[in-house]
Structure formats: structure tokens, C-alpha cells
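Enquirer: Top to bottom, those sequences are chains A and B.
Residue numbers in the first sequence follow UniProt numbering, run continuously in steps of one, and reach 244 at the last position.
Residue numbers in the second sequence follow UniProt numbering, run continuously in steps of one, and reach 161 at the last position.
Careful: at least some of the hints might be erroneous.
What follows is a list of derived Cβ distance ranges for each label pair [stated by the list, open to error]:
hint: 1; chain 1: A; residue 1: Ser-108; chain 2: B; residue 2: Asn-134; range: 20 to 26 Å
hint: 2; chain 1: B; residue 1: Val-20; chain 2: A; residue 2: Pro-183; range: 26 to 32 Å
hint: 3; chain 1: A; residue 1: Ala-31; chain 2: B; residue 2: Asn-126; range: 39 to 45 Å
hint: 4; chain 1: A; residue 1: Gln-238; chain 2: B; residue 2: Lys-10; range: 38 to 44 Å
Hints in this document: simulated from the structure, not taken from any laboratory.
Predicted model only: the values in this text are computed from it and were never measured.
Ideal Cβ placement from N, Cα and C applies to all residues, glycine included.
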Amino acid sequence: MHGFANPARFLKIAKWLTVPLLVGGLVISSAAVLWGLTQVPPDRLMGETVRILFVHVPAAWLGMGGWTTIAIASLVELVWRHPLAAIAARAAAVPGAVFTAICLVTGSIWGRPTWGTWWVWDGRLTSMLVLLFLYFGYIALSSSLAREGQSSRIAAIFGLVGAINIPIINRSVVWWNSLHQPPSITMGQSSIDPVFLWPLLIATLGFSLLFGGVVLARMRAILADIQAEARLRRKALQAEELAA
Amino acid sequence: MSTTGSRGLKPKHQRLVLLVIALVALVGAGLLAAYALRNQASYFYVPADIAAAPPQPGQSIRLGGMVENGSITTAADGVTVEFVVQDGQARVPVSYTGIVPALFVEGSGVVAEGAMRADGVFIADNLLAKHDENYMPRELEGMSSAELREELQESMSGPSE
Chain A
1 MHGFANPARF
11 LKIAKWLTVP
21 LLVGGLVISS
31 AAVLWGLTQV
41 PPDRLMGETV
51 RILFVHVPAA
61 WLGMGGWTTI
71 AIASLVELVW
81 RHPLAAIAAR
91 AAAVPGAVFT
101 AICLVTGSIW
111 GRPTWGTWWV
121 WDGRLTSMLV
131 LLFLYFGYIA
141 LSSSLAREGQ
151 SSRIAAIFGL
161 VGAINIPIIN
171 RSVVWWNSLH
181 QPPSITMGQS
191 SIDPVFLWPL
201 LIATLGFSLL
211 FGGVVLARMR
221 AILADIQAEA
231 RLRRKALQAE
241 ELAA
Chain B
1 MSTTGSRGLK
11 PKHQRLVLLV
21 IALVALVGAG
31 LLAAYALRNQ
41 ASYFYVPADI
51 AAAPPQPGQS
61 IRLGGMVENG
71 SITTAADGVT
81 VEFVVQDGQA
91 RVPVSYTGIV
101 PALFVEGSGV
111 VAEGAMRADG
121 VFIADNLLAK
131 HDENYMPREL
141 EGMSSAELRE
151 ELQESMSGPS
161 E
């Protein structure tokens, strides 16, 4: 992993990977969602609304995956002082927040016809909303630290502390009675019929590739920003020396 | 606090140990908090909870459980439904006046918001349907596993209908 400590090598690989990830993710996820919208039979109870599954569930997984990325990158930053870890954590925050928001919005739209309500304060929904607010806090903190030119270590600690919410989201439907149903996929067992499961897994693959592509693109943008900043500072120093 | 001397721990490993201790403490605190919240954070009471600690009549609570098979009856006014919510241990009769959610069927989950009446009937102001974790197409319901497999192979090999 320390081979990537050199940003130049990382940038070369990231540049090569970004577009295939974005295009591949777009093609695979739209194919899976279209498949889910047109080819899949309606659910025995929920009817046609089951099709929201193919957006809602991958978005929920990636919303949680985004914070897991932040937590792992924060650990690497704090322990190994890896120069790219802080940038990776910052880059994962915005797509993670977007997927969490998509999960909440689609869940709300799905809840109205199936449960009979847009929103309830049960364990699953509340902990997912907390995740969205954690993202907002993390984005505000890390971008203000970067703007002030301060160390991102406080953001990394925030990223690690916030990770406690991830197992809580996962277990919320097991620990507490909730309106949201218990997990359908546990330890390799699925109570989702394969007719629904396959497009769901393929949509998840597509959304994951999209997530990866966005993270790489954002890492490249942040690195370019840092480089431009450093170059400007050098120029300003030179100009000062000339003037003196 | 310098540990690089005696124990010869590298700063990198020192940070790792510190962080692991901090994380274990954090997860422990989180789990303890979640455990303490066990009852308070539940979205509804099941009939067994109500049997164990009957709520005051008129106190707003949520009651959740399965709609007992064969228990749904519609009153003469056409908009009042009466049914029994059970959880395998206890049963609570419920009365609700209004439009029921589409997923409200016998043998399925339900969450009722309302209060107990003095005679032990739960008067619901609002009904929410609770979906279970099983997703299954309509055509496959009630099929044997052999039939299911056949149907699946068919649907995977080419577009149905």
C-alpha cells in the first residue's frame, strides 16, 4: 500500500481508472434498474412498488459503505500517516452523503404506499437520518480544516467516532421493534426471491463502481487543488524575493 | 509520555495501540448505550409486553404484532374493522375506524397507534402495515420448491410472458 504513498503513481493509476469506473457503473446500474423496472414481476404483497428496492437498497449499502471508507481511511491516516488517506476520506464523504439521502428519499416514497406513512421515528429510519447528519458535520469540518490549511486529524477522529453508528444502523431492526422489516440477507442466506435478488446485486455492483469512480475523481480534484495552492504560494514567495 | 525508550515500541505501533484501545472503549460505550435503550428505543409494544405490564387506559402507545388469521371483521358501518393482534404469546383485540393500508391482511404484520380502553380493547387512531423480510413474486406464492425451481429456470432463460 505504501507504493501509493507517492501521489504521482496514484494519480497515474487513478487517471486510468476513473472513466472506466464511471462509465461501467453508469451502464451496469442503469441496466439493472431498467431490468428491475420492466422485467421483474410484482411482489406478492407490495405489488409494483417493490421496484424501488433496486435503488433503495444499493443506496443504503453505499451510504453505510461511504462512512466505512471514511473510518478505514481515518484509521490509516492516524496510525500510518499515509498522505493519501485524508484525501480519500474527504473524497468519500460527498458521494456517501448523496447515497444516504437517496436511501432516505426512496425509502420515504416506498413507505407511503406500503406502510401507510412517509416517515416514522423507528430505530432504522432514525439511525439512517443520524448518518446523513454525521455526513453533513464531517463535510463541514473537513472542508473548513482544509480551507484553513490545518491538519485533518480532528476530522479523522470524527470519522472514527461516527463509525459507531454503522453497526447500530445494521442491528437497529434486530435490537428494537421497528416498522422497518428485519434484514432479508444474513450470512449468505436470502429471503429475497432470486427474481428480485439478481437485479439487486447487479445494481449494487453498478452503484459501487459509480461510487468508486466518483471517489477517485474527487481525490484527483483535491490533489490538483493542493498542487495549485502550493504552486501559487511558491510564486508569491518568488515575487516577494524579487521585489525585496 | 515517551515509550520509544524502554519498550522499544515504534511511534506507529504506539498510535495503533492507543487507537485500538480508544475504539474498543467507544464500541463498548455504544453497545452499552444501545443496550440501555433496548426498551425505550423500540417502536412499539408487542402483546406480550402489554400482558406483562398493562398500560393505563387512555395512554397513547403503539401496539405491533401479527394480525391473527381469520380475526378481521368489518362492522355494520363499513369503515370500522375489528381484529386481533398476536405475537405467539398473547393476543390483544383492536378496533379501528378508517381506511386500512393496502398491505393490511390477515397473517401479516401491523403497527397500531392508539390507546387501551378500560375493557381491554385497543382503540387505534392509525394503522401502519409492517412488511416482512420476504420478497416473492405473486405467481410463486404457495408453490412447492420443485415447481419454484422450474419456474425460475424458465424466467432466467428468457423473458416471461
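Enquirer: Each of the hints needs a verdict: does it hold here or not?
Expert: Consistency of the hints with the structure:
Between A:Ser-108 and B:Asn-134 the Cβ separation comes to about 22 Å, which falls inside the hinted range of 20 to 26 Å. One distance hint, 26 to 32 Å for the beta-carbon pair B:Val-20 and A:Pro-183, holds here, with the actual separation near 28 Å. In this structure, A:Ala-31 and B:Asn-126 meet the distance hint of 39 to 45 Å, their C-beta atoms being roughly 40 Å apart. In this structure, A:Gln-238 and B:Lys-10 meet the distance hint of 38 to 44 Å, their C-beta atoms being roughly 39 Å apart.
Of the numbered hints stated above, none is contradicted by the structure.
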